[in-house]
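First to last, the protein sequences are chains G and U.
First residue of the first sequence: 1, per UniProt numbering; consecutive thereafter.
First residue of the second sequence: 1, per UniProt numbering; consecutive thereafter.
Certain hints may be false.
One copy or two, it doesn't matter: identical chains are merged, so the pair holds either way.
[What the hints assert, rightly or not] The calculated lysine to aspartate or glutamate pairs, modelled on DMTMM-like cross-linking and capped at a C-alpha distance of 20 Å, are:
id: 1; residue 1: 296; residue 2: 163
id: 2; residue 1: 296; residue 2: 330
id: 3; residue 1: 268; residue 2: 119
id: 4; residue 1: 150; residue 2: 171
Treat the hints as calculated values from the structure; they're not laboratory data.
2 protein chains.
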Amino acid sequence: MNTANLNAVAALNRRYLLDFPYEAARQLESMSPDDGAELLASQPLHAVVRAWQVLGPDVARAILERVPEAMARHLLAEAEPIASVAVLAKWDESERERRLTELDAQVAHELRELLRYPENSAGRLMDPDVSPLHAGLSVGQALERLRRLKRHGLRQLFVVDNEGHLTGRVEIQDLAVAEHARPLREIVLPVLAVVYALDPQEDVVSILERQPITELPVINVDGRFVGIIRHAALLATLEEETSIDIQTMVGASRDERALSSSIFAVRKRLPWLQINLLTAFLAAAVVGLFEGTIAKFTALAVLLPVVAGQSGNAGAQALAVTMRGLVLREISLRHWPRVVAKEAGVGLINGLAVASTTAIGVYAWSGSLGLVSVISSAMVIAMVIAGIAGALVPIALSRFGMDPAQSSSIVLTTVTDVAGFFSFLGIATLLADTLA
Amino acid sequence: MNTANLNAVAALNRRYLLDFPYEAARQLESMSPDDGAELLASQPLHAVVRAWQVLGPDVARAILERVPEAMARHLLAEAEPIASVAVLAKWDESERERRLTELDAQVAHELRELLRYPENSAGRLMDPDVSPLHAGLSVGQALERLRRLKRHGLRQLFVVDNEGHLTGRVEIQDLAVAEHARPLREIVLPVLAVVYALDPQEDVVSILERQPITELPVINVDGRFVGIIRHAALLATLEEETSIDIQTMVGASRDERALSSSIFAVRKRLPWLQINLLTAFLAAAVVGLFEGTIAKFTALAVLLPVVAGQSGNAGAQALAVTMRGLVLREISLRHWPRVVAKEAGVGLINGLAVASTTAIGVYAWSGSLGLVSVISSAMVIAMVIAGIAGALVPIALSRFGMDPAQSSSIVLTTVTDVAGFFSFLGIATLLADTLA
């Protein structure tokens, strides 16, 4: 490309970074960090910061380590504090301190304050740079404050009394259309929800699951307003927490990430695997009860995984649908008889259908009508039990005040394995004459 | 209570409904519909509508059927259209028409228009009552329009040209602080994202996963602005979609709800159960290969579920953590070697730990050192394979353009069952001398 063309591309990139920071960030995330850093290094600082602050923390850190030092300092100082803090927290102590001491003293102080909040606390999600309004102002004075505010994209501001205690909120929409002479207090609305800076992020999500707020005010232990959690941080936290059940249901920890270290993963997962081992021994004990029958008919051992596999999967389907209903508040505990009746019905119909297919397969393999009737009837029974258990496990966990996802899968597998083995081998023992 | 007290309670409830509609709605959802309807029936209409429109659709419908007819008509007409449409869609054709004909003609027309959008389309989530601004206005004129707008809680307004085509957006924060004489176009920002009314709700969520917008403009096929999806609807949709993976990974449909009919559930789940049955036969075939060994040592049949159960659970943990990483965009496809290496490491360490416990249990039960060495070594191998497979299955599904959750659990179980059975029975056959 000639120089004129290159300049045009650079101008276009700058416009793109400024106008579509999220699109630009998603594209940077799909490049190698070296290419991303090279691309950003040639852009003006004010354009780069818009996209850099909305990158995922891993990519943001990788790029920061690769751009020129001056740009790195500028990004840490000018980006939203939540973005800078997320990256600073990823460095070790000495690297973090080195980076902080290079910054303007006041910025460094603010970032250090935020870093003092524990990881996964509300304080870490907070933007401290949104000043509250005083209740005694007029609308015109409040608009004057808003004009000087360095934050954009807000829907509301929060109102405090002389001691700094949070007392209300003002929608900017109301502020924009009110007479300038009116006292602010006439358009103040009650605060819908509030979180303490030291509260865990889960509390932020419980609030958000009850009401769709766009900004959440954060207070300290004295009840003083210290900042807000802005919309982007609320949304990211909601998404993280809502997807967590996939992990907790199989006994992986809420804190584990795809790129956590192996050691961290082992420490979190192993206890549940050991518990799962105990339940597996229970299932094995059921099989052991019928060792005599298996010794006579080894075909039973071959077909055992078929019955357990089907009831396990049917149970997992019932569990998943019921659990999601609880998470989305579509059902509450008092719906349990309806949910259980539904899942028993599904288990029966699916059980009959799957048993028919199984019957054909087993007859083709063994030619034994006795074996066909044993496995078909066991399959129907096991799948009805699996459906009922799949519905009851999360409801029961909720009822006893536990997270309905926590290790539900391990509990359920135990039930479905035991039910599958017991019905299959039990019926086989009863009908042993037909197998001979 | 005396009359004065009763009046005070009623006034308090009215205030509560007006100021904390979400809290009130969550409480109504936990009551029986009869109690909820009775409580609302005694309140003024304008207070009731605030809480009713933010109820879950099932509860909203149950309460609507129980309050006096006049209140029901008022609620359908005055609530946000998205709430009324959600309830209308739950009635059958004739009941829906009866309710609509009782409403004001213009309101009924608007609701009918919305009902024409397919279920699960962006149009169904849309609020058509947010008029756009014309690009030619001044800031003062735009504020005048904002003053007459019947919607509250907005962060931005959208801008259209003379043909009604969407051309930009204005943050109300910018509008509030700009000089009234300025032309609106000087503070217009580019539109970050847009959705067609007929697009599926999944598209709405993909947009939201890339950028944390608070209002999403909706256009029709001609590119004309037809409404916005407001924040509450965006949030609810995000939560629904983010929690969907729990269902799809076990082959339950995205559309199934906890209270869907049994027939609906069977229709959606049965195909996957039949596919799962085929894979279960595959696992059984592996066991069948070793029928001779099992006939000699029935203890192997007893311990089969232990090996398969452990590798299945370890694989499910690896799958869950990897899948969530993909969903939250913490990892992308190019991270696969790191993720696989991590999960192989976790499988090895957890495998060694679980194998030790298993060895103790099996020795106590059987007293056979041969059996102990067979099951321990099989366990380690099976758990390493399970970890690698748990990481690779969702990454491979993504790589081929599929949803990484879709039936991942069924694919994985097949791998872990086959790996568990093959390693356990294979080693047992090789070391048959030590078992005797």
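* To do: Compare the structure with the hints numbered earlier in the document and write down the numbers of the violated ones, lowest to highest.
  => Numbers 1 and 2 - these are the hints that the structure violates, sorted from lowest upward.
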